[in-house]
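Those protein sequence lines, which keep their order, are chains A and B.
Straight run, no breaks: the first sequence in the numbering used here ends on number 186.
Straight run, no breaks: the second sequence in the numbering used here ends on number 1375.
What the hints contain is simulated information worked out from the structure, not anything from laboratory work.
Remember, predicted model here, so these are calculated numbers, not experimental data.
In this text, a Cβ means the ideal position worked out from N, Cα and C, and glycines have one as well.
Incorrect hints may appear among the rest.
[As the list claims (entries may be wrong)] So, partial list: chain B residues that the calculated Cβ filter (under 8 Å) puts toward chain A: (1) A1031; (2) L1053; (3) G1055; (4) G1077; (5) M1081; (6) E1363.
[Unchecked claim] Over 10 Å on every C-beta distance to chain B, these chain A residues come out as not near it, computed from the model: (7) T2; (8) P89; (9) Q105; (10) A165.
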Amino acid sequence: MTIYVNEKLDAKGLACPMPIVKTKKQMENMQPGEVIEVQATDEGSLADLQAWAGKSGHQYIGTNRENGVLFHYLRKSSGEENTEHSFEPIVDNEALKQKLQEDIQLVDVREEAEYAFSHIPGAVSAPLGELDAKMEELDKDKPVYVVCRTGTRSDLAAQKLSDAAFKEVFNVVPGMSSWDGETEGR
Amino acid sequence: MAVTAWTPAETAAKVMNEEKVFILDVRNEDAFQDWKIESEHFEYLNIPYFDMLDGVEDVVEQLPKDKDILVVCAKVGSSEMVADMLSDEGLDVAYLEGGMKAWSEHLEPVKVGDIPGGALYQFLRLGKGCLSYMAVSNGEAVVIDAVRMTDTFEAFAQKQGAVIKHVLDTHLHADHISGGRMLAENTGASYWLPPKDAGEVTFRYEPLEDEQTIAFGETEVAVHAVYSPGHTIGSTSFIMNQQYLFSGDILFVDSIGRPDLAGKAEDWVADLRNTLYQTYASLSKDLIVLPAHFMNMSEIGDDHTVKAELGELFKKNHGLNMEDEEAFRRTVTENLPPQPNSHEEIRQTNMGKITPEEEKQREMEIGPNRCAVQQ
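Make the full structure from the sequences, and use the hints.
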C-alpha cells in the first residue's frame, strides 16, 4: 500500500551515516508538519532515525518493511505542542472513549502516514489539507469528534467543520499522542 | 591533521597491552549502553554521529590532548565522517576499521601452553567474550567451541602445519552461533556434539557420550569427555592431557553458568549443583579450567589468557562456595541478567533448523554475552 507523503528520499544502498545525513538535509527544506518517506536498506537506519527524530523534535511515525527495503515515515517538527486551542467545546480522551459506543462520527485529521500506522477503529481519515473535500462524505446532523496527535490540528479542523454548518463538533484533546484505548493499523 | 585507521587486531593489541585509549563512540545511545569495546584502561564518550552533523566544535573541547583517540561506530562510515571532521578541527584521531561489526568478529589467538607434540591455543573473541580453543599435536588439531569465524581457525591450523581432525562443542550454544558444523564441513573433520543437546539437530554429528575418548596427535593428549549437565541438559566437559579442563558454560573464572537459556532453570538446578559440587569436586584440583566465556576484562591474566586452576576456583569462585542448596537454587534461577539477544534464533541456527544469511547472523550476535550468574 502506498502512503501519501509530501516528499520522498531514496537512500537505498547507502550506508550509515548517509541515510540520516540526507534525511536531515531534505527535511530542512520542508514545511513544518510535512511528511517524508525515507527508503533505506541499511538496517541501522531504523534505530538511528528514531533516536535522531526524538532529539531534533521531528515526529517519527513508523517504518514499513517490504522486500528488504525499509520505508521510514517522519513528520517535520511543527511546534504544535505549544499552541493554544481556541475551539470549544473540548473533550478529553476518556470522554471520547465513552462516546465511541454511541452513534457518532470520528474524524482523524492527521497525515495519511500517521493514520496508516495507528488509529482508533472506526475513525475516518481526513488529513487537515484535504478536509474540505472529505467534508462532503460526513453527516452535518450527527455529532463529529475531531482527533489529531496533540489537539492542535483538530482545533483548526473543528473550527472549519463548525463554520461549514456541522451542528455538533468536539475537539479531542490531547488526542493520539496519549491514546491508550484500542487502535488498529499496520 | 591526520586520520588513521586502526584494524580490530591493532585495537585488540591496545586492549591486551593495557594501553590508555580514549574512545569516542558515535553510535546511538542504546547501542552504546548495550555493548562497547571493553578495557579498564579506556575512557569513553558517547555522542551519536547524528548529533554532530552541524559540527564538532563542542565535541573537541571534551576530547583529551594527551591520549590516542579512537572514533568507533557500528560499521565504519560514521566514524570516518566524524574522524574527518575532528581532523579538520586540528586533531589527530583514529577510527576503527569495520566498526563494532568487525570488532565483534575479531579473534585474538593466545598460546595457553605446550602439550606433547605441540601446543594449546585459546582464541579470545574480545568483542563478545567467547573463548574457543585449538590443540595441535603432531600435525593434528582439535577445535573446541569454535565460533562463527571459521576462516580464522582454518588459517591458524594451516600456519601450524596441522590438519583439523575433530571439532567439538561442549553444548548447544544459545548466546552465539557455533562455527563447529561449518568448520567440520570445510575441513573434513568429525563434528562432535552431546546427543542430549542434539535431539533436534538436522545434520549428522558424532555423539559425544560420557567417558568418550577422542584421540589425536600424541596418544596421551587425547580428549576425555565428562558429562556435566546443568547449563544445558547435554553439557559436557573435556579433560585433555590430564592437564586441562574445558568447562564450557558450566564454570567460568569469576562465575558459574546459568541453567535457564532454554527456559529450564528450575529443572536444571539440581544437575548444575551436582556437576559443580560432585563431578567437578572429584576432579584433580591441579586441572587448569578453560571456560567458553569470560565476562570481564579483569579475567584476562598477565599471559593474556583466561584460565584458572580448579583448586583456586574452589577457593575463590562464589558459585562453588554456596553450601546452602536453597541459596544456590535462588542464585541461579532468580535475578538473572537479561537473556542474550536473539537466543532462540541462535539455538535454531545451531540446530540447523534455520540458516540465516551472514548479515543476519552478525545482527543476531550483536551485543554482549549474558550467560553467567555472577555475584
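We went through each hint and held it up to the structure:
1. A1031: Result: holds, 7 Å to nearest chain A Cβ.
2. L1053: Where the cut-off is 8 Å and the nearest Cβ of chain A is about 6 Å from L1053/B, the hint holds.
3. G1055: 13 Å, violated
4. G1077: 5 Å, holds
5. M1081: 5 Å, holds
6. E1363: Where the cut-off is 8 Å and the nearest Cβ of chain A is about 7 Å from E1363/B, the hint holds.
7. T2: At roughly 28 Å from the nearest Cβ of chain B, T2/A sits farther out than 10 Å, so the non-interface label holds.
8. P89: 42 Å, holds
9. Q105: Non-interface label stands for Q105/A: nearest chain B Cβ at 41 Å, farther than 10 Å.
10. A165: The assertion about A165/A holds, with a minimum of 48 Å to chain B.
The structure fails hint 3 only (numbered hints given earlier).
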